[in-house]
Structures are given as C-alpha cells and as structure tokens.
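Asks: Letter by letter, the chains look like this.
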Amino acid sequence: MKKMSLTPLLPLGAEYLELKQQENRSQNLSYLNGTLVGNNNSISGGIMSRTFTGGVWGLASSADMSSSSMEKVIKKAISNASLLSKSVNKGMLILPSSPVKGEYLFFTKKKQLTTAQKIDFLSALDNYTITKYPDLSTRQISFFQDEMEKYILTTDGGEMHTMTPRAILVIVLMVNHNGEPLTHYDVFGGFGQFEDNFSDPAEYYPVIDQVYNELMDKKDAVFARGGTFECVLDAKLAGILSHEAIGHTTEADFVINGSIAGEYLNQPVANDIVTLIDIAHTWDGKTCPVPVFIDDEGTKAEDCVIIENGILKRYMHNKESALKLGHTLTGNARAYAYSDEPLIRMRNTMIVPGRDKLKDMIASIEDGYYLVTSSNGQADATSEFMFGIGLGYEVKNGKIGKAIKETSISGVAFDLLKTVTMISDDMNWTAAGMCGKKQMIPVGMGGPALKCKVNMGGK
Amino acid sequence: MDKRIIMKNALAALKEKGADKASMWLTGKVKEEFNIVYKELNLLRTVESQNLLLVVIKDNKQATTRLNQFDEASVANAIDEVMTSVESSNADPAFDISPMQDPQVFSDGAAQMEADKIVFRLNEFTKTMKHDFPNVYFDASLSFGKYTNYYLNSNGVDYAETGSSYSFMTMFTAKVGRKMSSFNYTGFDIANLDKPLMEINSTRELMRQITEQTETKAIPKNFTGDVILCPFVTGDLLESLISQQFGNSGLLTNSSRFPDHIGQQILHSKLTVYNKPSDERFANKNPITGDGFLAKEAAIIENGVLNHYPIGLFTANKVGKKRTIGDVDNMVVESGLKPLEDIIKSMDMGILCMRASFGQPNANGDMSAVLKNSYYIENGAIQYPISESMMSLNLVDIFNNIKEISYETFNTGSSIFPYMLVGGVAISHK
Chain G
1 MKKMSLTPLL
11 PLGAEYLELK
21 QQENRSQNLS
31 YLNGTLVGNN
41 NSISGGIMSR
51 TFTGGVWGLA
61 SSADMSSSSM
71 EKVIKKAISN
81 ASLLSKSVNK
91 GMLILPSSPV
101 KGEYLFFTKK
111 KQLTTAQKID
121 FLSALDNYTI
131 TKYPDLSTRQ
141 ISFFQDEMEK
151 YILTTDGGEM
161 HTMTPRAILV
171 IVLMVNHNGE
181 PLTHYDVFGG
191 FGQFEDNFSD
201 PAEYYPVIDQ
211 VYNELMDKKD
221 AVFARGGTFE
231 CVLDAKLAGI
241 LSHEAIGHTT
251 EADFVINGSI
261 AGEYLNQPVA
271 NDIVTLIDIA
281 HTWDGKTCPV
291 PVFIDDEGTK
301 AEDCVIIENG
311 ILKRYMHNKE
321 SALKLGHTLT
331 GNARAYAYSD
341 EPLIRMRNTM
351 IVPGRDKLKD
361 MIASIEDGYY
371 LVTSSNGQAD
381 ATSEFMFGIG
391 LGYEVKNGKI
401 GKAIKETSIS
411 GVAFDLLKTV
421 TMISDDMNWT
431 AAGMCGKKQM
441 IPVGMGGPAL
451 KCKVNMGGK
Chain P
1001 MDKRIIMKNA
1011 LAALKEKGAD
1021 KASMWLTGKV
1031 KEEFNIVYKE
1041 LNLLRTVESQ
1051 NLLLVVIKDN
1061 KQATTRLNQF
1071 DEASVANAID
1081 EVMTSVESSN
1091 ADPAFDISPM
1101 QDPQVFSDGA
1111 AQMEADKIVF
1121 RLNEFTKTMK
1131 HDFPNVYFDA
1141 SLSFGKYTNY
1151 YLNSNGVDYA
1161 ETGSSYSFMT
1171 MFTAKVGRKM
1181 SSFNYTGFDI
1191 ANLDKPLMEI
1201 NSTRELMRQI
1211 TEQTETKAIP
1221 KNFTGDVILC
1231 PFVTGDLLES
1241 LISQQFGNSG
1251 LLTNSSRFPD
1261 HIGQQILHSK
1271 LTVYNKPSDE
1281 RFANKNPITG
1291 DGFLAKEAAI
1301 IENGVLNHYP
1311 IGLFTANKVG
1321 KKRTIGDVDN
1331 MVVESGLKPL
1341 EDIIKSMDMG
1351 ILCMRASFGQ
1361 PNANGDMSAV
1371 LKNSYYIENG
1381 AIQYPISESM
1391 MSLNLVDIFN
1401 NIKEISYETF
1411 NTGSSIFPYM
1421 LVGGVAISHK
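Chains G and P, in that order, give the protein sequences. The first sequence begins at 1 in this note's numbering and counts up by one. The second sequence begins at 1001 in this note's numbering and counts up by one.
Since the hints were made in silico from the structure, they are not lab data. Accuracy of the hints is not assured; some may be wrong.
Said to hold, decoys possible - Derived pair list, reagent style DSBU-like, types lysine-lysine, alpha-carbon separation capped at 35 Å:
no.: 1; chain 1: G; residue 1: Lys2; chain 2: P; residue 2: Lys1015
no.: 2; chain 1: G; residue 1: Lys438; chain 2: P; residue 2: Lys1031
no.: 3; chain 1: G; residue 1: Lys76; chain 2: P; residue 2: Lys1117
no.: 4; chain 1: G; residue 1: Lys90; chain 2: G; residue 2: Lys437
no.: 5; chain 1: G; residue 1: Lys405; chain 2: G; residue 2: Lys132
no.: 6; chain 1: P; residue 1: Lys1217; chain 2: G; residue 2: Lys396
no.: 7; chain 1: P; residue 1: Lys1029; chain 2: G; residue 2: Lys86
no.: 8; chain 1: P; residue 1: Lys1146; chain 2: G; residue 2: Lys219
no.: 9; chain 1: P; residue 1: Lys1117; chain 2: G; residue 2: Lys90
no.: 10; chain 1: G; residue 1: Lys2; chain 2: P; residue 2: Lys1296
no.: 11; chain 1: P; residue 1: Lys1296; chain 2: P; residue 2: Lys1003
no.: 12; chain 1: G; residue 1: Lys109; chain 2: P; residue 2: Lys1217
no.: 13; chain 1: G; residue 1: Lys132; chain 2: P; residue 2: Lys1031
no.: 14; chain 1: G; residue 1: Lys438; chain 2: P; residue 2: Lys1322
no.: 15; chain 1: G; residue 1: Lys313; chain 2: P; residue 2: Lys1003
no.: 16; chain 1: P; residue 1: Lys1179; chain 2: G; residue 2: Lys313
no.: 17; chain 1: G; residue 1: Lys76; chain 2: G; residue 2: Lys405
no.: 18; chain 1: P; residue 1: Lys1296; chain 2: G; residue 2: Lys3
no.: 19; chain 1: G; residue 1: Lys118; chain 2: P; residue 2: Lys1146
no.: 20; chain 1: P; residue 1: Lys1003; chain 2: G; residue 2: Lys118
Claimed, not checked - These stretches of chain G come out as covered by chain P in the derived footprint (C-beta under 8 Å, 3 or more residues):
no.: 21; stretch: 131-145
no.: 22; stretch: 360-367
no.: 23; stretch: 371-377
Beta carbons are placed, not taken as given, at the ideal position from N, Cα and C, and that holds for glycine.
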C-alpha cells in the first residue's frame, strides 16, 4: 500500500477525529479432487474518517485513496455527526485517551514465492493424498492468506502503520462408508505469510496421515448420548471456549447491553485454577496469531486479564465503552474493512495452562468424552454457548473408546468454568478463526486441555 | 472514467494478452447507515464501495482477481497478475462462461434516500421500545443502499442492474434484576418506509416474547417428537439441506445422497420451494445469476419432487448435468393454510423453536442445535420458555416428516419462509 500523507489533512479543533487508509489483500488457492477450482487474488483498499461530536459519531469512507477524496470524506463525516446531533446531543463528552505511535509491518523476511510455487506445494500435498489414500471419495487441499495493512492517525495523538498477515492450510478428506459420506478436516498455519509457515510439503505428509486416520476412526463412530458428562476438552478446543463462552460476554458493549458478566465484576465466576486473558500481541515471549500493538482508535493495546484465579476482573473496551463505564482503555477497538467503524473485538483470547498431563486427565474420567476438535461456535449474552465437535471419543474407565459422530456441545460458561478441575500444562493456538459481530475479523484463540462438565448434544 | 468503458477496455486487454474467455462483474454501492447503540442514535456511516472481479479462462485453465482501484495502472496490474496466475492453474474443460444472450438493463427501488424518514422511523422504534418494552436492551440499524452492477463477458453478454432498498436489523435481550433472556435478533430489507418498523414481520411479537424469556424452565423430560421451526430456522435449515444435497457443494464433493434424482419424490409432498428472482414482494430482486445468466423463476422442489439442481455452470459441466436455474438467491417456500395458532392447538407435546444456534451439519445431514428463545408446548398450548435444551435431527429426515406448514410467513426482503411443524426431532435437556 502506498502510504498517504495524512498528517496535513488532520483537522484542528475537532473533539475527536480519526483518519484511516487501509488495504486488505487476500489469496486463495484451492484443489478439489485434483482440480485447482480456486486461484483467486483480491485487493480492497480505501479511506475512512470518523468523528465524535456531541456524543454521536459521524463516519464516511471512499475507495478513492487521494488527498482530495480524504478532504471530502472528512467533511462528510463531520456533517453526518452534525445531522445526528440534531436528534441526540449529549453535550461535549471527552473520550478517554491513551495514544501511542508505532509501525508494525510483518512482511516475510524470506524470499517471496510466486503463485506457481505455492500451487506446486499444494499439488504435492494433493498427489501424496490420492496416491496413498485412493479410497477417498473427495479431497480438498486449500490455502488462504490474508493481509491487513492500516495507516491510522487520530486527533488525540495516536498514529499507527501495521501490516498483519496470516497464512492457513486446510485439509478436508471425505470417504463414503455404508452409503453415507464421512468427512474430517484440520487447519494449519497461522501468523505470517506463506513463506513464514510453509516450505517443504513433506513436512505435512504426517499431518495428512493423521487427518486420514482420524477420518477412519469416524467409520465406527457412535452417537454421543445427550446430557451432561465429565469431559476432557483438548487444547484445540480451549480457544473456542475462551472466545465464545467467556470472551463475548465480557466485551464491554455486550456488558452495557445487559450481558450477565455485568453482574459479576470482582466476583468468582470460575474455579480458582482458571485464569483467562485476551492477549494483545505476545504470550510467553512469542508473537500471538493476531498481534495488536495499537488498536484502531490509536490506543496502546494491553493484555486484558478477564478472569484471574477464578475472579472476573476486567472487560474489554473501546473509547466509548470505557467512557460510559468509567474504566481504563484496553486497546480492543478493531475494524475489518476500510469503511468499517472500530468495534470491541477480541485479539488472542486464551486460558492460561495449568500443571496436569493430558493422559492423567483422560485416565480420571469414568464415563464421559474426550473432545478433540471443534468446528464453529456461538455465544449468548447469558454466557450460554454452543460449538460443534468435529472429532471426539468416548471415555470409559479412563480409557479412550470409540469415536463419536459429529455433534454440538453447550453450556452456561460461568457454570462450566466452576466445574473445571484439571488443566493441562500444554498450549495450543488456533489462528484461522473469523469472528462475526456485525463485521468479520481475524482472531486468535488458545489454551490448554480442560477437564470439566459439558452438555452433549446427542441421541 | 465511465465504468462500462473500464470494463470494455479490460476485456479487450485480456483478449489481447491471450485469454480464450473472460467475464467480469463491476459492482458499486453507496450506503447510508443510521445506527442505534445503547438505545440511542449513535452513528451515521456513509460507505462508498466498488469492486471489479475479473475471471479468465485460457487453455481450459481458470484464474480470478478482484480489485477496487480503477485507475489505469491498477487495472493493468490486475490484468497482468491474473494472466500470470492462469498459466499456473491446471486445465479442466468444465471451466466456461455464459453464452451470448441479449443485452438487458434492470432497474428497481427508490431513486433517493429519505433521510428524515429514516431518523423518524428509528426514533419511533426507540420510543416504542422504551415505552412498550422497557426491560429490553437493544441495538438497531436502518440503512439505505443504492447499487449499480454490470456483468460483461467475451461471448457478448452485457447486463446492467441498478437498485436500492432499506435494511433494518435489531438485536435485543431482556433483563429484570439479575435474570436475563438469551439475545434474539430480527431483520429485513424493505422497499420503502411506509410502515413502522415494529409492525413489519414479527418484530413486535419477538419483543413481547423476549420480555417473558427472563424466566425459563427445563422441559419435563427428554423426548423425540414434534418441533415447530420458526421462519428464520426453517429457512436456515432448508438452505443447508439444499446446499448440501442438491447444490454446488453437495454435487462437487460427492456428498449428496441424491446425485441423480431429478423427477423423483425425495422430500415430503407438502414441501414446495421456488426460486422467484423477480417476485414483487421482494425489496432485493436478483435478476442476474452469479455465472452470468438471466435468473429464472422455477419450482426447485415441487410437492417433494426434485425438479432442478440449483447449480452454477462450472458444477453442471463438472458433474455432467444440464445447468437449468443456477444459484438460488430468492427462495420462497409455499405457505400452508393453517395459522400458527391452530398448529400449536393440534400438538399434544412439542417445542416452538424461535431460534437455533448451530454449526455446519454433518455431510450426511445429521446435526444438533441449541434451542434459543424457544417454548415448551403441551395439550395444544404454549406452556413456558425453556432453558438449556438441544435438538438433534437429520436434515433429510425432518423435511420428509413435515406435518404442517403455516399460513403466516416472514419476508426477509429476498426470501419468504413459513413456520413448519416437523416430527422425529430428539429433544434433550442438559
């Protein structure tokens, strides 16, 4: 993205105003049964201005990335706010401020590969799959990469230029069994560009073997029984639990709109072995899947410790919610497209690892389930959640048994967290997630394995 | 530069650089979006967006690129990039573009936004909410979107469509003391602002329901039986079924249980599903399909008999079928004769499902969902809102086990769905 000169355009005297230039770039390459059905590139860029006056917001945007266009967009944003203030005028409100300046551009330092070289990588994976597993009815090997580049300037002194990429490989295998299709998939990769995540296709052959073996387990799958059971949620599931079950209820806009978490601040909401954090950018010395150093309101992004040793400690904020609740800023204001307003969004939500071993956790279950992978998830203001289970196993007398057919699990998160009795000492991040809340946005989710009570959907 | 000239120049450049076939969509939209946040008017957002999608076929290989900067250099770069990409693809004779059809121009919707009326209707909605439903927390938005889209391809197809509509969306939850309901939401596209938002579709009834959902009870026992699916859930489940069993995804991935079943009765005879792209009841009509054909009105499923596979040109070529109607953008499920009230009266025991939280169904149609904002029915009457329950079902099975379809329907602005009573659903409490 050719960075515009925005500083001279920033108007003086506005209560609060943002200028943004943004470009989202993506690439999608997708093999379906040996045919490259997807070979797509996309670039979408533009400018936006948003202003806060008299307690209301005006926003305008355009795909035209020129100085003259930005001048028009600023005027339109101001006139939009002015139009709204005729109906609602709360007087002058001062938004909280914690501005910083910074540049975080995560372009790969390796030599960039051509599209043809990336296609060769996928083709090698596809060839390996069909050669070794000719019994598959369908195979899909897909790669997508998205890059979000933003340049933002705010009247309270914030300035940032960021480029945040992620590169994801998806392997989907399907087989016909007793006249019915069985499918299984897994997702790999994460923060960075293709070159940062993938090199030798042979490194992924064992991964394909594992996806295939798990698919074969599903041939003998049984229905899960409906009801509440003691379960071990694998580390791959902890992230979606952190995000869906707890995270959404503690976004301050949900809290202001009545979320049950509004009733629990500084109260116990989980077993005291549970600590849950929305990490801004770095955990355990490593960059998280979706690093945010400065948010879209120019605020310094800080880790938000939501639950500490079982006590609900903090909500995630943007400027407006922090003003409304009188809390400090956390740096959670994020927008997806150039034309979008920043909303309160999670960044990298995780449960802190404990001290237990996964095998001991499974061994401690008398009659329950070991749930390994999830598909999607949804949350509620009550903290009731559901998410799909792509792969799980029965556990009887501490031993893993038959695989279960795909199902959903649900529960009330603040009840579930009180049933957590063991937490594993390992950690898994997932980076392929897109969270939908008016706008879609990439999010990171992570955590260890948990032993807890879960409501299983089943027969 | 005029957008049609940009497209024609791009088409000529692609042909000159070796494309055998090319097609493109150029879309443009201006949207003014008024938002209520925390029960008050809070944000007015103006969005100007545009996109150009280029699809190139060379030596039976295909590549696409999308851009939104239309200056000469950006378009030239995109053309070079897509022509490089297409060389790296692999060949498949199924890639194709739509054949020559007569040029057509479509126009629909209001020419201008009524901004004062938007503010009036939103303020009216807010005032009604605060007065009639004081315990309900809500956000809402009402926008006016005006679009111009062009489709052009190297076989001479040249379509243009302009249109506009208003879109309303609200999300809400009720709270009394520390007791609260699940959230619910509703939304629709409309052609004008003649009616109060509260009185369109079932908005007022959903608000009434949410206020009583702060008190929920467990179902008396787990059972397998009848469920009335509200129109949103009927639509979501039916769209999943069609995509999985009859659409592009099901046929391309070999996961359909009905890959060669045209003319066969595969679903319940009460079920008829149309594609009605020009239905006057819709604020959002879709006269042109994504693969560059005129959209046709047709019964996809008629009295349970499969008449058409709703698949695009590539899928049709790939699986050796004739493309008949393409993708479906305006689905209408034929309504029944009984009002919802009478359907409820006819039930001994069951569930009224007003929202369902679920993910991607299994490839064979098995799925489970959390019942949200839903009710227990016994002895022909709604008893109470239910707590933490799930339903497990098979998509093919439930649409073969339809007992009633309601007279009442919900018009989203691009689809129309009724309530549907289906049997054989397993209901379990936590």
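Asks: Can you confirm whether chain P covers the stretch 131-145 of chain G, using C-beta to C-beta distances below 8 Å and requiring at least three such residues?
Replies: As far as the stretch 131-145 of chain G goes, the hint holds, because 3 residues have Cβ atoms under 8 Å from chain P.
Asks: Are the Cα positions of lysine 76 of chain G and lysine 405 of chain G separated by 35 Å at most?
Replies: violated, 54 Å
Asks: Keeping to a limit of 35 Å between CA atoms, is the pair of lysine 2 of chain G and lysine 1015 of chain P held or broken?
Replies: holds, 30 Å
Asks: Would the pair lysine 1029 of chain P and lysine 86 of chain G pass a check requiring their Cα atoms to be no farther apart than 35 Å?
Replies: With Cα atoms ~27 Å apart, lysine 1029 of chain P and lysine 86 of chain G stay inside 35 Å; holds.
Asks: For the pair supplied as a hint, lysine 132 of chain G and lysine 1031 of chain P, is the alpha-carbon distance within the 35 Å limit?
Replies: Measuring from Cα to Cα gives roughly 52 Å; hence the hint is violated.
Asks: Is the straight-line distance between the alpha-carbon of lysine 2 of chain G and that of lysine 1296 of chain P 35 Å or less?
Replies: violated, 44 Å
Asks: Lysine 405 of chain G and lysine 132 of chain G: Cα distance at most 35 Å?
Replies: Given pair lysine 405 of chain G, lysine 132 of chain G holds - Cα atoms ~25 Å apart, limit 35 Å.
Asks: Given the hint that lysine 1117 of chain P pairs with lysine 90 of chain G, test it: the Cα-Cα distance must not exceed 35 Å.
Replies: holds, 22 Å
Asks: What's the verdict on lysine 1146 of chain P and lysine 219 of chain G, does the C-alpha distance respect the 35 Å limit or exceed it?
Replies: Distance of about 51 Å is beyond 35 Å: violated.
Asks: Is the coverage entry for the stretch 371-377 of chain G by chain P consistent with the three-residue Cβ rule at 8 Å?
Replies: Our answer is that it holds, as 3 residues pass the Cβ test (under 8 Å) against chain P, meeting three.
Asks: Does lysine 313 of chain G sit within 35 Å of lysine 1179 of chain P, going by the straight-line distance between their CA atoms?
Replies: Holds, because 21 Å separates the two Cα atoms, which is no more than 35 Å.
Asks: Check the hint pairing lysine 1296 of chain P with lysine 3 of chain G against an upper bound of 35 Å on the C-alpha distance.
Replies: Since the Cα atoms of lysine 1296 of chain P and lysine 3 of chain G sit roughly 46 Å apart, the hinted pair is violated (cutoff 35 Å).
Hints 8, 10, 12, 13, 14, 15, 17, 18, 19, 22 from the list above are not met by this structure, while the remaining hints are.
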